[in-house]
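Sequence order for the protein chains is A and B.
Position 19, counted from 1, in the first sequence is what this note's numbering calls 570; the numbers after and before it change by one each time, with no gaps.
Position 138, counted from 1, in the second sequence is what this note's numbering calls 546; the numbers after and before it change by one each time, with no gaps.
Hints listed in this document are in silico derivations from the structure and should not be mistaken for laboratory results.
Just so you know, not all the hints are guaranteed correct.
Each computed EDC-like pair below joins lysine to aspartate or glutamate, with the alpha-carbon atoms no more than 20 Å apart [what the hints assert, rightly or not]:
{"id": "1", "chain 1": "B", "residue 1": "Lys-502", "chain 2": "A", "residue 2": "Asp-620"}
{"id": "2", "chain 1": "B", "residue 1": "Lys-502", "chain 2": "A", "residue 2": "Asp-647"}
{"id": "3", "chain 1": "B", "residue 1": "Lys-531", "chain 2": "B", "residue 2": "Glu-578"}
{"id": "4", "chain 1": "B", "residue 1": "Lys-417", "chain 2": "A", "residue 2": "Glu-652"}
{"id": "5", "chain 1": "B", "residue 1": "Lys-417", "chain 2": "A", "residue 2": "Asp-620"}
A short list of chain B residues far from chain A (calculated; beta carbon distances all over 10 Å) [what the hints assert, rightly or not]:
{"id": "6", "residue": "Leu-431"}
{"id": "7", "residue": "Thr-489"}
{"id": "8", "residue": "Glu-512"}
Each residue gets a CB set at the ideal place from its N, CA and C atoms; glycine is no exception.
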Amino acid sequence: MASARSPRYGTALVEDGARLLTRCAFPNLTWSALQLLACWPVDYRFLGATGLGVSELCLGAMMFGSRTDEETSRRILDTYTEAGGNFIDTADVYGDGASEEVLGRWLATKRRDDFVVATKVWGVTGPGPNDRGLSRKHILSAVDASLRRLGTD
Amino acid sequence: MDALVRSGKVRYVGVSNFRGWQLQKAVDLCRQHGWEPLVSLQPLYNLLERAAEWELLPVCQNEGLGVITWSPLRSGWLSGTFHRGMTGPPPGSKVTGPGTHTWERYANEHTWHLLDELAAVAKEAGRTPAQVAVRWILQRPGITAPIVGARTHEHLEDVFGAVGWSLTDEQMDRLTRASEPPVDPYPYFAGGAAGRSNPQATVR
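Isolated chain A (complex conformation) (with noise of 0.2 Å):
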């Protein structure tokens, strides 16, 4: 390995500088997320040998939907987004799908390709014995069931 840590962008202060005028030229963003974005400028790494750009912090979703309110885990997104974060990881199986469509709703106010989101295949979604687990039966209707539940089918 040339190098043990990930790439990491040499722009991100310049493109933290420019995103910083970009908000500006936007009204309805709070003091409070310009502050975030001054204060704490997320920087952005390669997720492995994919070329994508993702946000050094990754958003877990699990709790929205069910510990955390829609109208938390709204605010939680905005503030986590408005900062720089780009990547956002859920699974089937938090909040029975609650986290997933908690996310969708969001995600449909914004646009999509703006962001990385990640989510899981395997855990227990039903009672049946196929409403589980890794065979291509349960991960075919599982993906179709994520990405209804994100709304980006």
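Based on the hints, put chain B in the right spot on chain A.
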């Protein structure tokens, strides 16, 4: 999974919570068959759980997989609310709920020693223990991004303080030493800490 990517329903395929041999086998099978490669692993990895260093992280580094770690604060254990002298988890803590993050698992001298060091480094750096614990993960070799699970808006604002600055090499060393597993099971004791931190030593 290859068909899913080709159909456009899925952009990239990653795995979580694999064991070392499963990960290497999956990577090799994809390569042999010309299937879409695995792009990332999602392991449990933090100051209290470093076993991913034995097999998983070297595979990821050798094979070019991104590493997205879960539970950076180990359900609150590394958030600054736990410290030496406690006789039980604080009320409402996730530690009282189901999972492997139990009081019984971590209420021991190894943890208290680590939390002492974490608090000391945090004070020195002018950051919260949670920010330092996340920062440590960010500066470890081969890590792409920790997953920060915000239940409240305040949690998120706290954790954002983990970026935009760096722990010094000396501070990283102190945390890495204090969090060394007390016992390395066979076959990992052969290389010990040096073996784990030297992925180049793995077989190509």
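Quick rundown of the hints versus the structure:
1. Lys-502/B - Asp-620/A: Holds, at roughly 17 Å.
2. Lys-502/B - Asp-647/A: 19 Å, holds
3. Lys-531/B - Glu-578/B: 15 Å, holds
4. Lys-417/B - Glu-652/A: 17 Å, holds
5. Lys-417/B - Asp-620/A: 29 Å, violated
6. Leu-431: 13 Å, holds
7. Thr-489: 17 Å, holds
8. Glu-512: 23 Å, holds
Taken one by one, the earlier hints fail for this structure only at number 5.
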